[in-house]
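Asks: Chains as they are written, first to last, in numbering that gives the first Met the number 0: chain A, 0 to 123; chain B, 0 to 185; chain C, 0 to 768.
Keep in mind the hints are simulated off the structure, nothing from the lab.
A virtual CB, placed ideally from N, CA and C, is assigned to each residue, including glycine.
Incorrect hints may have been included.
[Unchecked claim] Calculated lysine to any residue pairs in the SDA-like style (CA-CA distance at most 20 Å, straight line):
#1 A:LYS11 <-> C:ASP375
#2 A:LYS11 <-> C:SER193
#3 B:LYS96 <-> C:GLY59
[Claimed, not checked] Far from chain A, some chain C residues (derived; all Cβ distances over 12 Å):
#4 GLN149
#5 VAL153
#6 THR155
#7 PRO197
#8 MET383
#9 TRP415
#10 ALA420
#11 PRO504
#12 GLU506
#13 GLN657
#14 ASN692
#15 LEU715
[Stated by the list, open to error] Covered stretches of chain C (in silico footprint by chain A; criterion: 3 or more residues with CB under 8 Å from a CB of chain A, positions within the stretch not fixed):
#16 45-52
#17 436-450
Next come the chains, spelled out residue by residue.
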Amino acid sequence: MGLKVLIVEDSKASREYIAATVESIPGVEAITTSSGFEALKLLPRYRFDLIITDINMPDINGLELINFVKKNPNYRETPLFIITTEGRDRDRDRGMALGASEYLVKPFEPKSLEGLLRRYLKLA
Amino acid sequence: MSRFSELLDDFFYRPDEDVGGLLEFAAGSDELQPLVPEETPEEYLAFLLEGECYAVPIRSIREIGKVPPLTEIPRAEPWLLGVMNLRGDVIPVYDLKLRLKLTDKASLVAGPDAPPPPRLARILVAHTEEGPAGVWVDAVKDVVRLKPSMLEPSPPGLGGERDCVVGIGRRNSELYILLDLEQALA
Amino acid sequence: MNPGGKALSEFVAEATEILDTLNKDLLTLDERRGQEADPELINGIFRAAHSLKGLAGLFGQDRISRLAHGMEDLLDRLRLGKLVMDDTALDALVESLDVLQALLVDASRGETSSSQSTRVEGLIERFTLMGAPAPPGEEDPLDRLELDAQVRAVFTEYEEHRLRENVRRGVALWRVRADFDLSDFDKGLAELNSRLKPVGEIISTLPSAQPSSASGIAFDLIFGSKVTGIELASALEGTPAQLSQLAARPPARGVVLTPAPVPRPAAPAAPPAASAALPAAPAHGAASVPAAPTEPRAPSTRRSGSRKSKASRPPPRPEPYQELPQPLLTPLPMMTPPPLPSQAFSEAGLGDSGSKGPRVDLDTSLRSLTQTVRVDIRRLDGLMNTVGELLLIKANLQRMTENARQEGTLVLSKAWVQELARETRQLERKLDALQSGLLEARMVPVGQVFDKLARLVRRIAREAGKEIDFLSTGGEVELDKLIVEELSDPLMHIIRNAIDHGVEPPEVRVAAGKSRRAAVSLRAEQKGNHVVIEVSDDGSGIDEQRVREVALQRNLITEAQAAEMNRRELLNLIFLPGFSTARNVSELSGRGVGLDVVKNNISNLSGLIDVWSERSRGTAFQLTLPLTLAIIRALVVGVSGRTYAVPLNSVLEILSIQPKDIRTVERREVLDLRGQTLPFTRLARLFGLPERNTGRHFVVVVGLAQERMGIAVDELFGQQDIVTKPLGGRLQSVRGISGATDLGNRRTVLVLDVAALLEDGMSPERRWA
Chain A
0 MGLKVLIVED SKASREYIAA TVESIPGVEA ITTSSGFEAL KLLPRYRFDL IITDINMPDI
60 NGLELINFVK KNPNYRETPL FIITTEGRDR DRDRGMALGA SEYLVKPFEP KSLEGLLRRY
120 LKLA
Chain B
0 MSRFSELLDD FFYRPDEDVG GLLEFAAGSD ELQPLVPEET PEEYLAFLLE GECYAVPIRS
60 IREIGKVPPL TEIPRAEPWL LGVMNLRGDV IPVYDLKLRL KLTDKASLVA GPDAPPPPRL
120 ARILVAHTEE GPAGVWVDAV KDVVRLKPSM LEPSPPGLGG ERDCVVGIGR RNSELYILLD
180 LEQALA
Chain C
0 MNPGGKALSE FVAEATEILD TLNKDLLTLD ERRGQEADPE LINGIFRAAH SLKGLAGLFG
60 QDRISRLAHG MEDLLDRLRL GKLVMDDTAL DALVESLDVL QALLVDASRG ETSSSQSTRV
120 EGLIERFTLM GAPAPPGEED PLDRLELDAQ VRAVFTEYEE HRLRENVRRG VALWRVRADF
180 DLSDFDKGLA ELNSRLKPVG EIISTLPSAQ PSSASGIAFD LIFGSKVTGI ELASALEGTP
240 AQLSQLAARP PARGVVLTPA PVPRPAAPAA PPAASAALPA APAHGAASVP AAPTEPRAPS
300 TRRSGSRKSK ASRPPPRPEP YQELPQPLLT PLPMMTPPPL PSQAFSEAGL GDSGSKGPRV
360 DLDTSLRSLT QTVRVDIRRL DGLMNTVGEL LLIKANLQRM TENARQEGTL VLSKAWVQEL
420 ARETRQLERK LDALQSGLLE ARMVPVGQVF DKLARLVRRI AREAGKEIDF LSTGGEVELD
480 KLIVEELSDP LMHIIRNAID HGVEPPEVRV AAGKSRRAAV SLRAEQKGNH VVIEVSDDGS
540 GIDEQRVREV ALQRNLITEA QAAEMNRREL LNLIFLPGFS TARNVSELSG RGVGLDVVKN
600 NISNLSGLID VWSERSRGTA FQLTLPLTLA IIRALVVGVS GRTYAVPLNS VLEILSIQPK
660 DIRTVERREV LDLRGQTLPF TRLARLFGLP ERNTGRHFVV VVGLAQERMG IAVDELFGQQ
720 DIVTKPLGGR LQSVRGISGA TDLGNRRTVL VLDVAALLED GMSPERRWA
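Build the full structure now, drawing on both the sequences and the hints.
Replies: Written out as C-alpha cells, the structure reads:
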C-alpha cells in the first residue's frame, strides 16, 4: 500500500505541478481536487498520509479546510502543508496557527517540496 | 483524454492501411558495416529518379509506401502530382523530376487516365516545415551510412535552378546525389 | 521537472482561460461604472489575478507574473476596502488586461518585446501610486460582533473585511446552520446559496468539524442581510437550515448609529422584529470609517446629499494620484442611458494620453492562442460510452468471425447471417452517435468572440471620438470552434471600419437630425445549416457612386462594365483587392479598408460576405457561414471520370438538361430555369479536364446567400456523410476546393468550395482572387 497525498488547489497548472512533484517520489500517490467541497468528500473515503492545500479557493477557503481536518480525529496528526503566495502573510499565519505543518510560497522549487514530503512522510 | 484516444486508435486501426515500414528498411540494412568510432555516420535513404541515384537523410523521411491512388488537384502546378490519403490525412505528392530538370513533361500518374504505377515506384513521405509531403521516386535503392568524410560539396550546375542539391556522397564506387528536400519542395 | 516545451502550451491554455474570465468580469465592472462595485466581482477578479500570478510564476513568465502581482495588490486593497474602485483604478486594470494579452502572445511565441516590458513597468508604477492605505479606525467594528474566536480564526483576511463592512453598516449578521449528507452536501449547499444570495451576502461557508453523524456534515454559513428574520426564514423554507442571529453591540463612544437594539440570538429563525430590516444605515462616525469602499469617487453630486457631512468622505488622496491621466475608458453604457452623456465625447480625446505604451493591442489578433476546446465532461463521457459500446460490437464481430472460421466450408447458418446484420446495424447506429457527439464537442458559442469584440468597441469608439451603443445578440448560437476562431479577425476588421468611418461624430449626427449616439450591432442567427452573422451601423452609409469612381480610377473595372452594374454590384466592388488605400479611407467613409482580406478569410471558411448600404441610413455586412467544417452531408458527383463531393447544404436542386437548354448571353452560358436566367458553368471546363460528350448534363444548382448557379456534371453518385479534411498548409491556396474526404475506398475525393466556385462562375471576366 502506497502513501496517499491529497492536493487541494484550484489552479490546474499548479495542481499538476505539485502532483508531479509528489508522484516523483516512488510509492507516493497524489490525489488531486480543485475544490474544497470535493476535498471534504474525499477525506473520509481515503486515509491520506499528507495534505497539501491552497488558501484561496472558490468554495470553502483553505483555512476552513485546515480547521476541519485538524478537528477530525482521523486526521489530527496528519501533516498538512499550505501553498501560499508572497504577500499573503496574514492568511498564512492563520493557517499555521490552525495547525498546518509547513508552508510553501509560490513559485517554489520542486526540490524544496520534495524535501518536505520526504521528511513528513518519513521516507529516506 | 489519452485513454480516450487510445480507445479510438484501437478501434479505428486498419492493418491494410499501413504503408509499409520504414523501420524494416532501416533495421535490415547495412548491418555488416562496422562502426568507425571517430566518425558518426548518418543514414541516408537512396532512391532512383530517371536512373539517377539520389539520397536524403533518413531521419527526414517519415515512411515509405507503395503508390496509392492519387487524386489530381485541378488547376494546380504541374509538379504537384496530386494528393493521397495516408491513414486519414490528406498529403500532397510532388514530382521532383520537374524540379530537378530531369524531364520537362509532368508525369501522368493521377486521375482516371493514369496507367497503374510502375511496380517499383514508391512514395516517400517526408517531414517538412509545412507538414508532411509525399515525393514520388521511381524505386528505392537502399539505406546507406555515409560518414562526413564521404561527403563532397556539389559541383555547380546540379539540381536545376534551386539549391536543392547539397552535395555528393561517395561510398566505394557508388555516387549519391544528396538532396535537401525542404528546398526541393519549397 | 521544470515545466518545459509541452508545458508552455498548457500555460498558454490556462492563462487564456484566466484572461477570458478577467475580461468578462472587467467588462461587467466597466458597464456598471459609477455604481457601487459588487464585492463578489472584485473578489473574483482578485482571484483571477492571483491565479495568474501563481501560474506565471510556476512557468517562469516573469513579466506576466509581475504585472499580475501588481494587479493582485491593487485588487487586494480594493476588496479589503483600503482603496475605492474608481475610474483610475478601473482604467489601469483594463489596460493591464490588454498588456497581459499582448504578453501572452509574446510568451506563446517565445518572444520578449521591450515595448511590452515598458508598459508593464509603467502600469506597476501606476498601481503603486494609487492610494495609500487608509489610516486605521479607532475601533475595529468586528470587536463589536459576538463571534467565537475560534470561528474568527478561520476567516481569511477578505472574509474578515466583509464581515467588518457588514457590522459597520449595521447589517444584521446571521449564522445559518445546516446538516447534509456527506455524499451530496454540495448540492444542498448550492440550493441554500441560491436561496440566500438574493437577500444578502454569504460571507463564509464553514464546515463544522464536529460531524453530526457518521455520514453527515454540518455547515455554518455566516450571512449578512438587510431583510427581516421572518423574510429570511421564509426564504429558507424547505431547507434543513437553522437560523440564528449574531449579536453585535453598538459602536462605542457616542457614534451616531441609528440601528438596532439587536436581539440576542433567540430560537432559530426568531423574527428579530424591525431591527434587521434596517436600510443600510448611513455609516459614519468619522472615527470608525477608514474608507468608504462602497462610495465610488465618480463625480457624483447626487450622492453627497445622502451623506451627513464631508468629514465622512474618504481621506484625500496623495498628490501623485491627481497627476495621473484621465480615465481611459469613456463610460459607454451598453444598453442603458449614459449617466453623464456629455462627458463621453470630451473625454475621448484624453484617452490616448493615458496609455504610455505603443498602441499595439488593437492590431493584435483576437484569435485565441490555444487550439483547445473546453468540452463539458459529460459530453466526453457520452462519447466514451459510445466507444465502449463500439468495442462490444467489435468483440461480437470477432466472435462471429471465429465461429465462421471454425465452421470452415459449412454453409453459414441463417441465424449467423441475421446476427451479422444486427451487429452491422448496431455498428452503424453507434458510429452515427459517435460522429454527432464529436461534432457537438467541437461546437462553441459565438459569444466567445462577441465578448472580446464588445471590449474592443469601447476602445475604438473612445479613440475615434464616437459615441456608440453597441448591441450584440445571438451570442448563444453555436459554431464549429475552428470557424469561431477564424471569425474574430474579420469581425474585428468590419466593426472597426464601422466605428472609425461608418459612424459619424456626435455633432455631425445631431446636425443631421440623428440621435447623438450611434448604434452598432452584432447579431448572430442560425438559419438551417448556416449561421448568419450581421454587423450593422446606422451611420452615413456607402456612396456607391464614389465606389464606382474609385474603381474606375484604379482600373478595377472598365467604363463598359461599370455601366452595366447595378447598385448591389457596385457596392460589392469594395471587396476587390486594390480597391482601398489608406488615402481614400475618409473619402469613402472608410469602407473597403482591407475588405478583400476579410472576404478571403470568410471564403476560406466556405462562407460568403455581402454588403447592404443606404446613404445616410447605414451599412450592414452579412456573413453566411456553414455550421461546421468537420462533418457534412455531400452530393457525390462525377466529371470526366473524376469524383467530387458537393456540400449538400449549398445544393438547392438537381436538374437534368439537354444541350439545347443552354443559352449564351454575352458569351456566358446560362440556363433558363422556370423563366429565370441561371448562371451556368461546366465543372470539366472550369477545372481544365477533358470534356466528355455525354449528350445530356446533370446540373447541380447551388446557392449561398442570394447567389445561384448551375454546375454541370456528368454523373450523380448519391449522397454521403463525409468528414472534410483541410488540404493543409502546402495546399491552402488551391482555389475552388475546400478540402478532401475519403469515401471508404481509400481514394481521396475532393470537396468543392461552392462559395469560391460561385464567385468564379458568376463573374469570370472579373475574377477577384
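Asks: Evaluate each hint against the coordinates.
Replies: Consistency of the hints with the structure:
| no. | hint | verdict |
| --- | --- | --- |
| 1 | A:LYS11 <-> C:ASP375 | holds (16 Å) |
| 2 | A:LYS11 <-> C:SER193 | violated (27 Å) |
| 3 | B:LYS96 <-> C:GLY59 | violated (49 Å) |
| 4 | GLN149 | violated (8 Å) |
| 5 | VAL153 | violated (4 Å) |
| 6 | THR155 | violated (5 Å) |
| 7 | PRO197 | holds (19 Å) |
| 8 | MET383 | holds (20 Å) |
| 9 | TRP415 | holds (48 Å) |
| 10 | ALA420 | holds (47 Å) |
| 11 | PRO504 | holds (45 Å) |
| 12 | GLU506 | holds (48 Å) |
| 13 | GLN657 | holds (65 Å) |
| 14 | ASN692 | holds (64 Å) |
| 15 | LEU715 | holds (51 Å) |
| 16 | 45-52 | holds (count 4) |
| 17 | 436-450 | violated (count 0) |
Checked against the numbered hints above, the structure breaks hints 2, 3, 4, 5, 6, 17 and satisfies the rest.
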